[in-house]
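Each chain, letter by letter, is given below.
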Amino acid sequence: MTTVLKALNAALHFCLAEDPGVYFLGEDVLDPYGGAFKVSQGLSTAYADRVIATPISEGGIVGLGVGMALRGLRPVVEIMFGDFITLAMDQLINHAAKMRWMSNDRVRVPLVVRTPMGGRRGYGPTHSQTLEKHLLGAPGLRVIAACTLDDPGGLLQKAVLRDDDPVLFIEHKLMYTRGVLALSDLEEWQAERTDGVYPAYRLRIAGAPAPTITVATYGYMAEMAREAALRLAYQHEVFTELVVYTQLSPFEPEPVLESLRRTGRLLALEEGGRTLGWGAEVLAQAVEGDLGGLRAARVAARDMPIPAAAMLEAQVLPQADDILQAALDLARK
Amino acid sequence: MTYSSDPLELYRQMLRIRRFEETVLDNFPRGLFFGTTHTYIGQEADAVGVLSHLQEGDVVVSNHRCHGHFLAYGGSMHALAAELMGRATGVCGGRGGSQHIQWRDFYASGILGGTLPLATGMALAEKARRSGRLVVAFLGDGALGQGAVYESLNMAALWHLPLLLVLENNRYAQSTPITLNLAGDILARFQAFGIPAEERDTTDVLEIREMAQQAFQAVRAGEGPRALVIHTYRFAPHSKGDDTRDPQEIARYRERDPLPLHASRLDPEAVQKVQAEVEHEVAAAFQRAEGDSAANPASLTPPLGAMS
Ligand SMILES: Cc1ncc(C[n+]2csc(CCOP(=O)(O)OP(=O)(O)O)c2C)c(N)n1
Ligand SMILES: [Mg+2]
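Taken in sequence, the protein lines are chains A and B. With numbering that gives the first Met the number 0 applied, the first sequence corresponds to residues 0 to 332, in that order. With numbering that gives the first Met the number 0 applied, the second sequence corresponds to residues 0 to 307, in that order.
Bound conformation, chain A alone (with noise of 0.2 Å):
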C-alpha cells in the first residue's frame, strides 16, 4: 500500500515528466532534503531546470507563480506550512483569483499553490493552524482537500495539468503517513464517488442498517471520521454516512444533499475554527436546501489560536470523542 505522501510525490513526478511547463517552487524542497514534508524529494535530481529552491517569500513566490502561469507555464508552489498562507493571501485573493475574469476570460492562471495545514504536532499557534477557511468562498480560486481516499495523486494531477484555474491544495500533516484507500480495498465499507473532476466520497459500512446521519467532512477529518463512523456502528448501534469532499470551494452541496435527504441529520466536522466556517455554509446549504425536519450540528476546533502544550492542544482541536457524543447527541435529536 503507497502512503499519501509517496502519492503526492510520483504526482508530482508525473506531471513534470509529462509537461515541460510544469514548474515545481518552494522553500527548501531540493536534494537531499527534498522539502520540509519530504513531498518534493527526488524532484530536484529528476528535473533540476524545473525545480527552484526560493527564498523565504511566500508572497513573492506565489506571485511569481501567477506571473509564471499567465505567460504559459503550470507552476506549483509550495508553501512550507499552510500557516505562512497568509503571506500570500494578496497574491492568492487580489492577483491570481482576479486576473481571469478581469481581463474579459482573456487570460488563465494555471497555478497550484499546495501546503500543509493542521495542528496534533505540538508545533504550537503559528505553525498548526487550519486556515482554508479564510480562502474559502473567494471567487475564482478553487480550494482543494486531499485525502487518504481513492486517489489523492490522481487529484493533485488533475489540478496541475488539467486545471486552468488557481487552485489551493490542501494537504494535512497527519496524513501523508497514512496508507492510501483504494474505494475497492475499503472492505469494511460500501463506497462511491459522485462524478465530477473533484470527486465527494460517499461511505458507509458495508451491510449496515440504513444510516440516520450524514457525516460531512473532508481531509483528516475523514479519518477521524471513519474511526467514529465503526465505533458508533459496533458500540452504539448509531449508523453514519460519510461525505468526504474534496472541493471545499467553490462548495457543492449536492452530495451532501442527496445524503440528507435519506437521512435527516448532518453532523459537520472540521478541524479549522467551528464558527463562520466550512461546516457552517455545510449547515447554510442543508438549511437552504428545504429539507424539512432537519437537525444538524458541527464538530470543530475552538475559536482560539492553537497552543503548543499536548494537553492544551487535544482541548482546542476536535477529537474522537467530540465527534462521537455529537452524534450520539443528534441521533437522539
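Honestly, the hints are just simulated from the structure, not real lab data. From a predicted model like this one, the values you see are computed outputs, not experimental measurements.
Label-pair restraints from in silico Cβ distances: (1) A:Ser-102 x B:Gln-216: 53 to 63 Å; (2) A:Ala-47 x B:Glu-289: 46 to 56 Å; (3) B:Trp-158 x A:Thr-274: 37 to 47 Å; (4) A:Ala-47 x B:Glu-276: 48 to 58 Å; (5) A:Gly-66 x B:Gly-120: 28 to 38 Å; (6) B:Asp-5 x A:Asp-302: 42 to 52 Å; (7) A:Gly-66 x B:Glu-248: 29 to 39 Å; (8) A:Phe-250 x B:Gly-240: 32 to 42 Å; (9) A:Gly-178 x B:Arg-128: 51 to 61 Å; (10) B:Tyr-149 x A:Phe-250: 31 to 41 Å; (11) A:Trp-100 x B:Asp-200: 43 to 53 Å; (12) B:Gly-120 x A:Arg-120: 26 to 36 Å.
By construction, the Cβ of each residue, glycine as well, lies at the ideal position given by its N, Cα and C atoms.
Dock chain B with the ligands against the given chain A, drawing on the hints supplied.
This is chain B with the ligands only, laid out in the frame that chain A set:
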C-alpha cells in the same frame, strides 16, 4: 535586571545557553518535549555579546531560534524548559512552546520576517513615549527573503526610530545555503535605507560586545536605527532532525566554537567553577520542570479580552 560585562559572566551566559540547548536535543528522543525546536548552539556569542549592553526596559524581539536570546535576556531557564515540556509553569503556560515566548519586554514568534514591523512599531512607541528605551530585533539571513523586512527598514530609517537590528547570518536557512537564496550584499541592504551598519565574521563574544557598543550608544542617543551583521554558524541541525550540510564544513566551523575561544582567555579554575555551577543549574532547571504539572486545559482563556 543587570547585564554584566565581566568576561567570566559572559562565558557563563554562553555556557548556560549551550548546555540548555544540548540538554534539549539529548532529551527529545525521550519524548520529554512535544513539537519541535531550533537550538542556538554555535551562535551563543551573538546574543550574549549584544545583549550585554541592554538596560532595564529595553525591548528584545526574537525569532524561531529564540532560546539563546531569551536566556541572554535574563529569562528563566526553568520556565523555558517547562514551556518546552508543556508545563503550567512554562514561560507562557505551555501555550507558546519553543518558538513563541513572551516575558517582560521580550517577544519571539515563529513567523519569519513578520516580527520586523512589530519591532519597528515598538520602537515608534518607545520614541513616542520618550521612554529612552530601545528595541533590539534579531533576524536570520533567511528572513531577508521577506518583503516586510524591507518595509520595516524603510519606516525605521524614515522616522529615526530607536531600533537596533541584529542579523545573524549562519549561512543557512533551514537546508538552503545562502548562496541559493540571497542576491547582493547583506550590509548594503541596510545601508540602502541610510541605516549605518557594521559586519563581522566572528564568534568572539568580546568582539561582538565591542562592535555592539557604538550601535547601542547611537540608537540610545536618538540617532535612528543601526544594524549589526554577524557572520556565524550553527553547529546543530536546523531543528531537531536531519542535517544535510557537509560534516567537514561543520567541523571546520566548530574550530571557532565561541566557548573554548573565550574560555582560553580566562582563569582555568574560574572556568571550571562556572562549568560546575552551570551544570548544576541546567540539571536543576530540567528536573524541576519535569516534575511540574502539565498545563491545565481549564487555564485556556478566550482569545479576546473584555472591553474596558
Ligand atoms: C514566514 C515563514 N516562512 C517559513 C518558515 C519556516 N522556517 C522556519 S526557520 C526557517 C529558516 C530560517 O532561516 P534564517 O532566517 O536564516 O534563520 P536560522 O534558522 O538560520 O536561524 C524557515 C524556512 C517560517 N517559520 N516562517
Ligand atoms: Mg540562517
